[in-house]
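Novice: Residue strings, one per chain:
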Amino acid sequence: MDVPFSSSGAMSRAHYALVRKIETATPQAADQILLAEVHSIRNQLTRSTLTLKQCKECLILLLYCSMAVNAGVHVDLEFALPHAINLAEAGQTIQDKRTGYLFCAEVMPAEHELQLMLVNSIRKDLESPSVSRICLALDTLIQSPSKDVIPAMQSRLHDLLSYNSSDVKRRAVLAFHKLSELDSDILADIVNKTRKRLHDSDEVVVSAALTLARSLVNARYLATDKYHDILSELLRSLWSRRPSPSNTLLLAKIVQAITQIKPSSDDLQVVAEMIHHYSRAGSAAYAIIYQCFRALAASATDVLSDVQTKTGMSFIKEIRHLLTVNDANALYVFICSLSSVDPKLWAGTSPGYPAVLEEWEVERVMKLLEYEDRLIRKQTLRTLWIVDQSIVQGYYARALQGDLPVSAHGTDDNLPRLLEILDIMCGDDGEAYAHQLKNALKVAEGDSPLNRRMVLQEAVEEMLTRIHAADSTWRSGCIGVLFTSVIDKDSEVGPTLMVILTALCCEYLELSPISPIELLRGLAGRLSSYSASVQDATLVTMLRVSAATDEVPQEVTQSVKELHEGSGRHLRRRCNQFITLSESRDALKRVISSTHSSSLPEFVMALEKYEAEQQRAPSRSPVLLPSSPPLKPHTPEPSSSRTSPVPGKLRYAAYEPPRPTQRLRRMSSGSSRHSDDGGSRRSFQDPMSMTVTPGDLTIAAQTSDLSSIPTSSPRQTGLSPLPIVQILDEEPPMPAADLIALDSPFMSEPAAPSIASTLSSIVEQDFETTWNALESGAARGWCESSMDAVLRKLQGLQRMLRVTERDRPPFEGDLKIVICTDPADHTSKTGVAAIRLKESDDDSCLWWMRCEDEALRNIIKATLR
Amino acid sequence: MIHAVLIFNTSGVARLTKFYSPIQQSAQTLVEKIYVLVSGRPAGLCNFLDAPELEAFLKPKDGDGEKLRVVYRSYATLYFVFVVDSAESELGILDLIQVFVESLDNAFENVCELDLVFHFDEAHHILAEIIQGGLVLETNVTEIDRAVQEAAKARKESFASANPLSLGGGGAVGSRSAGLQTPLGWLAGRLTGVGAR
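Protein sequences appear in the order of chains U and V. Per the numbering used here, the first sequence starts with residue 1, numbered consecutively. Per the numbering used here, the second sequence starts with residue 866, numbered consecutively.
Rather than coming from a laboratory, the hints here were simulated on the basis of the structure. Here a beta-carbon is modelled for each residue, glycine too, at the ideal position from N, C-alpha and C. Careful: at least some of the hints might be erroneous.
[Said to hold, decoys possible] Here are the computed lysine-lysine pairs in the DSSO-like style, where the Cα-Cα straight-line distance is at most 27 Å:
hint : chain 1 : residue 1 : chain 2 : residue 2
1    : U       : K829      : U       : K793
2    : U       : K262      : U       : K193
3    : U       : K442      : U       : K489
4    : U       : K317      : U       : K367
5    : V       : K932      : V       : K898
6    : U       : K262      : V       : K932
7    : U       : K438      : V       : K932
8    : U       : K378      : V       : K932
9    : U       : K147      : U       : K196
10   : V       : K898      : U       : K21
11   : U       : K378      : U       : K438
12   : U       : K378      : U       : K262
13   : U       : K561      : U       : K489
14   : U       : K378      : V       : K898
15   : U       : K489      : U       : K438
[Stated by the list, open to error] From the structure, some residues in chain V lie toward chain U, with a derived Cβ separation under 10 Å:
hint : residue
16   : V878
17   : R880
18   : L881
19   : K883
20   : Y885
21   : C911
22   : F913
23   : E920
24   : R934
25   : L1000
26   : E1003
27   : E1008
Isolated chain U, as found in the complex (with noise of 0.2 Å):
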């Protein structure tokens, strides 16, 4: 960025800087940046001298901070917003009032307890004489509307209907659009005034009424009939005037309300002379076309032909040179608009209906069920289906066996069409869809035995996707199929359609036509089949159905048994998980009842809480897995990896993957970090191939027992001379595996929290009672050193430090130390003292200290110096 301030923009200098700063960091560092950036204004928001300019820089700093994190880093605004409303509130400027506003649509949850406050600023705007004033409290209303607003505006608003300025009367009635929504009542006394918006001479304003007199129409404060007079007299006054194409935007919304209810002969009259209007005009008008088209698909046949008829004019004819435009988006207009028409119409197999479009372009419209562009494709195959089903049918006939050809753009995958196909063929029919995708995906699997089969992402992300989109017909009539294929002995269910059931099993038991127990008996049975990692995926389904079943069958038991005795680490403990849960019911249901939702990502991650919890309290509980190996990350183990070349995925892909949790090293251990994949910022990193620094290895043992390192390991050479660390007492100590775990970038968001989290939940609560309590003897300043090495030099000191990570509250972004002689008496403030690290881009940080011992406090600022 190399833009200097004077012509950046910028609001002021340190808005540029954090704007620089931001644009030339790692996205980890970003991310610390900006988080620290939120703490430093909250301090400043808190300052009594507070100018509104100031206030107004620190809300939009804020919003920018918030919108440019990270993915998985949360920033809660929330503190600002008595702030914004008082900028909404007492702004001098219109400008300053806007960010009062803005922040508070984009920050305030719609029943916060301050939308009251906002509220009666809104009220006071309304009010004002001033047209930005109240064209800025109705955008807030219609923003964020609510009932409680509508006795204290309603008449207000209603006056504001006819108010002189077109701004103020559009965002009036869209105003009452939105509070209609939560009361329809309120609608009743501006029925009149509506049918005069719809006449204003203002093309907005009448715009802005369309949308209201449908919600009029909805209400049954306006007869239908009535409204379609309205629509017909606006439709031909506004042809009347044959706009420019590029400003067709009222036309297409007038003819999509005219669609909504019905056009009549003489509305598709005048929709026929703007298709032959418009048809030759260019891209412009795609808009415009494609609406008019939408409104001869809401049409009765014979009442387009009797149009046809009187007009002289082939609707298809007029757009058929759409189809050798060299634009994606022409050929959308086009293979809709084919759809829009009944195909007597135009394809020539009715007679007195000679076809339309000659054998070249009949040709060129076959091809483009090759086309690279899947909507595209998808348009085809419906049109098609409509002119001829068995074209279709004959098509995926051909695809089922392979023998599609390879277009021209590369979409040589053969499994998406399958399904693309399907969809159209198989329509509102979930059934038909669940036994043909079963078809679809043995073709597509091949003939190896079960386990050596890959596991198709592709498929079991679209299946997931299209039955979480389905109607609740489509998607009870697919499950029914699909469930009753894991009883039937006789149905060979394949690795993709197992994992696809894993996941529709959590989430849709429900809807299950077989009793939960068949169910489990049915996956037991299929069990030993598989590769490692559907059979973890079916064990976790299986735990989760044997929750809806009074009691675990023994053959199923016994199955996973049978499983733990040939299994590797990771599927071992995943059994005992299932055979210690299964019979521990109410644990079980806690672990359900933990879940945000019912998906299968949601219950793994619940029973990896479960477990850590389990793990950590060993003395209050009895230890449940005893031969569990250490807890680790839910990562793929490689051994399962290479015996399959999807598992690692097949858990969370379809949902959403884990995103890598900022870490201390990622900020300062350049080693290794490691480099974009396929293009995308986000980088995601294996933990087994990560280089562990000695600077990773010391902050770990902050807050983890390195006694419990084996002697003869080789990194604790490397650690020599340890500092003395203080672990709070009653952790048990933990394996060293989870040195390397503390650190992973696989833990999710949310994840289960690890060990080392919960250590430090602990040593926060720690951290801000200590500096809380050392008010006097604050001190700070820069070090020319990174966090890492100031770490270190406080470390020398031989004093017993507890350190909080930087993305652990309080003061995000920070690293936080205590250093104490005695870390169980919290009263005496000798020999305490609080320190705060705050790392900046050049290697150097900023520190902040409170010790109100004057010996320790001169010897860790010389340390710091």
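Chain U is fixed; fit chain V onto it per the hints.
Specialist: Frame of chain U; chain V shown alone:
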């Protein structure tokens, strides 16, 4: 209805995010998801795509979620993306994106990514002149320009009254052209100069 308006650059960095429906997950996650959907598409495809997977992110009140569609245009280093439901015409939205971009261009005079970085509040304001609560408010570029310029004028007056000794306007919109003979090459450089992140 329009559910979201997003601007992000070719590296996926969000420059403006506006949601008209409640979002179920963080805005950043949604931007990332849409970036993946859009950035991998070759130039020869339609400017819109079905995105039923976004239903998990945006749950429209009226239940039109199953028909969520992403409409986008790419200009220089920026993607302008609208997420709409089936009540909106994707081709109409494509025109609306053009209106939005032209309005930004009028307001900032040769708009570039950097303008959105430093003036994203202004970009919000311009967007608010076009869309309110997910509904189209204005589609006439001249009218939008008039409304935005009025606000800029009001701000400049206010700046002048607050800073009687200042020599120039301190307002953001249009202020860059006041006396600054910015070479076009520099402007073009700005188009590609950002986004190292």
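Novice: Does each hint fit the structure? Answer for all of them.
Specialist: Each hint tested on the structure:
1. Distance restraint check for U/K829 and U/K793: the Cα-Cα separation of roughly 22 Å lies within the 27 Å cut-off, and the hinted pair is therefore satisfied.
2. Taking the CA atoms of U/K262 and U/K193, the gap is near 25 Å; set against the 27 Å cutoff, the hint holds.
3. At roughly 16 Å between alpha-carbon atoms, U/K442 and U/K489 fall within 27 Å of each other, so this suggested pair holds.
4. Under the criterion of a C-alpha separation no larger than 27 Å, the hint pairing U/K317 with U/K367 is consistent with the structure, at around 19 Å.
5. Only pairs whose Cα atoms come within 27 Å are accepted, and V/K932 paired with V/K898 is accepted, the gap being roughly 17 Å.
6. Between U/K262 and V/K932 the CA atoms are separated by roughly 22 Å; this keeps the pair inside 27 Å, and the hint holds.
7. Taking the CA atoms of U/K438 and V/K932, the gap is about 25 Å. The hint holds against a cut of 27 Å.
8. Between U/K378 and V/K932 the alpha-carbon distance is near 15 Å, which keeps this suggested pair within the 27 Å criterion.
9. As the CA atoms of U/K147 and U/K196 are separated by approximately 26 Å, the hinted pair is consistent with the 27 Å bound.
10. For the suggested pair V/K898 and U/K21, the alpha carbons sit about 25 Å apart, so the restraint of at most 27 Å is met.
11. Simply put, U/K378 and U/K438 have alpha-carbon atoms about 21 Å apart, close enough for the 27 Å limit, and the pair holds.
12. For the suggested pair U/K378 and U/K262, the alpha carbons sit about 26 Å apart, so the restraint of at most 27 Å is met.
13. Using a Cα cut-off of 27 Å, the hinted pair U/K561 and U/K489 holds, with the two alpha carbons roughly 21 Å apart.
14. Only pairs whose Cα atoms come within 27 Å are accepted, and U/K378 paired with V/K898 is accepted, the gap being roughly 23 Å.
15. Of the supplied pair hints, the one linking U/K489 and U/K438 holds, its CA atoms being roughly 15 Å apart against a limit of 27 Å.
16. Because the beta carbon of V/V878 sits about 7 Å from the nearest beta carbon in chain U, less than 10 Å, this interface hint is met.
17. At its closest, the beta carbon of V/R880 sits 8 Å from a beta carbon of chain U; the interface hint therefore holds under the 10 Å criterion.
18. The restraint placing V/L881 at the interface with chain U holds, with a minimum CB-CB distance near 8 Å, inside the 10 Å limit.
19. Taking 10 Å as the C-beta cut-off, the interface hint given for V/K883 holds, the closest approach to chain U being about 8 Å.
20. Annotation: interface hint on V/Y885 holds; nearest CB of chain U at approximately 8 Å, less than 10 Å.
21. With a cut of 10 Å, the hint placing V/C911 at the interface with chain U holds, because the nearest CB-to-CB distance is about 4 Å.
22. Here the hint on V/F913 is kept, as its CB sits about 7 Å from the closest CB of chain U, short of 10 Å.
23. Hint status for V/E920: holds, given a least beta-carbon distance of 6 Å to chain U, under 10 Å.
24. The criterion of a C-beta within 10 Å of any C-beta in chain U is met by V/R934, whose closest approach is roughly 9 Å, and the hint holds.
25. The interface hint given for V/L1000 is met, as the beta carbon of that residue sits about 6 Å from the closest beta carbon of chain U, less than 10 Å.
26. The closest approach between the C-beta of V/E1003 and any C-beta of chain U is roughly 5 Å, which is under the 10 Å cut-off, so the hint is satisfied.
27. Checking V/E1008 against chain U: minimum C-beta separation of about 7 Å stays under 10 Å; hint holds.
Hint compliance for this structure: no hint is broken.
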